[in-house]
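Chemist: Whole structure, please, built from the sequences with the hints as guidance.
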Amino acid sequence: MGDTLIIGGRSLNSRLLIGSAGYPNQQVMLDAIVASGAEVVTVSIRRISLSGYSESLVDVLANRYLLLPNTAGCATARDAVLTARLARESLETDWIKLEVIGDRETLYPDVEELLKAAAELVTDGFVVLPYCNDDPVTCRKLADLGCAAVMPLGAPIGSGLGLCNPRAIELICTQSAVPVILDAGIGTASDAALALELGCAGVLLNTAIAKARQPVAMAAAMRAAVEAGRDAHRAGRIPKRLHADPSSPQLGLIGS
Amino acid sequence: MSMTIRLNGNTETVEANLTVLGLLTRLGIDPQRRGLALAMNGALVPRRTWSEATIAAGADVEIVQPLQGG
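In order, the protein sequences belong to chains A and B. Each residue of the first sequence is one higher than the one before, starting from 1 at the first, in my numbering. Each residue of the second sequence is one higher than the one before, starting from 1 at the first, in my numbering.
Rather than coming from a laboratory, the hints here were simulated on the basis of the structure. Since the model is a prediction, treat every value here as computed from it, not as a measurement. Among the hints, a few may not be true.
Claimed, not checked - Rough simulated footprint, nothing fancy, chain B against chain A, three-plus residues with beta-carbon under 8 Å: (1) 39-50; (2) 55-61.
Stated by the list, open to error - Listing some non-contacts, in silico: residues in chain B with all C-beta distances to chain A over 10 Å: (3) T11; (4) E15; (5) N17; (6) S51; (7) T54; (8) A56; (9) A57; (10) A59.
Unchecked claim - If you want the ones that stay clear, here's a sample from chain A, every Cβ over 10 Å from chain B, calculated: (11) L5; (12) I6; (13) R104; (14) C164.
The C-beta atom is built at its ideal place from N, Cα and C for all residues, glycine as well.
Modeler: Next comes the structure, spelled out in structure tokens:
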């Protein structure tokens with residue numbers, strides 16, 4: 001108890017932030033979110049359909065969860081800033097998951113545009129959570145600009161490769177003045193646990209749950225993994241050794 | 001009098017001197033609908049100004065709402 005994640009002055013009991021895209025259907029999405037225990041759910045901001053009414057996600061999610069809009073797909077600071085402002089108007093939240101994509105194939109961030117957008121949005125009063133590279137320098141610059149957290153990628157978005165560079169993630173966690181949320185690349189529960197063990201304050205994931213064979217069961221597994229990883233981090237892992245160190249007493253061995 | 005605007009990436013012909021509220025009504029979109037937001041020429045048009053904000057010929061209008069996202 002008492003181990004809450006604080007972002008932008010808001011306390012969260014769950015360290016798992018979850019996306020709302022790609023589920024087999026809406027009911028599975030809702031059940032998976034419940035099973036995950038997440039309080040924060042990400043959404044995108046997109047053009048409405050002009051050909052007829054479609055139920056808005058706000059209608060089904062907004063009263064139960066803190067919706068975190070993203071700027072996914074934006075390729076320039078200008079588009080990301082406008083999307084953030086539209087999101088604030090749409091959802092009446094200052095929180096924004098800032099994504100500025102530099103390459104449509106790999107979905108790696110455009111750091112130059114990301115920093116520009118982050119600076120503008122922080123000045124405009126947003127609680128900025130930037131999706132960024134697993135680069136300690138970029139993360140430090142984002143924190144210095146006033147971002148409420150940094151969200152380095154574990155691996156490319158949707159790849160499920162896990163944490164490709166755990167040493168860099170650990171270094172970012174050690175140095176960061178703001179919470180580090182591992183964003184993107186999680187494939188299964190052990191990846192999420194590792195992120196927390198390395199010192200991440202939380203994980204944000206979508207595809208690993210939405211595209212699992214059983215999304216609701218995977219959501220429960222992710223919840224348990226995040227809690228276990230956090231507990232292990234707080235408990236403190238033993239130092240790694242190159243060779244064996246017997247755990248049973250060496251004295252009193254028969255025949256000696 | 002009619003004019004041409006860009007609406008969510010498509011070219012549309014609408015009557016001149018249309019307000020944002022008038023455009024939404026014309027499109028059959030309930031302006032009270034939750035989650036709605038609108039930008040014109042790259043700038044947010046706050047909901048509270050929709051009844052006065054007029055749309056100029058050639059304006060680039062984007063109407064958005066939250067959808068699934070990661």
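Chemist: Report the numbers of all earlier hints that the structure fails to satisfy, in ascending order.
Modeler: none
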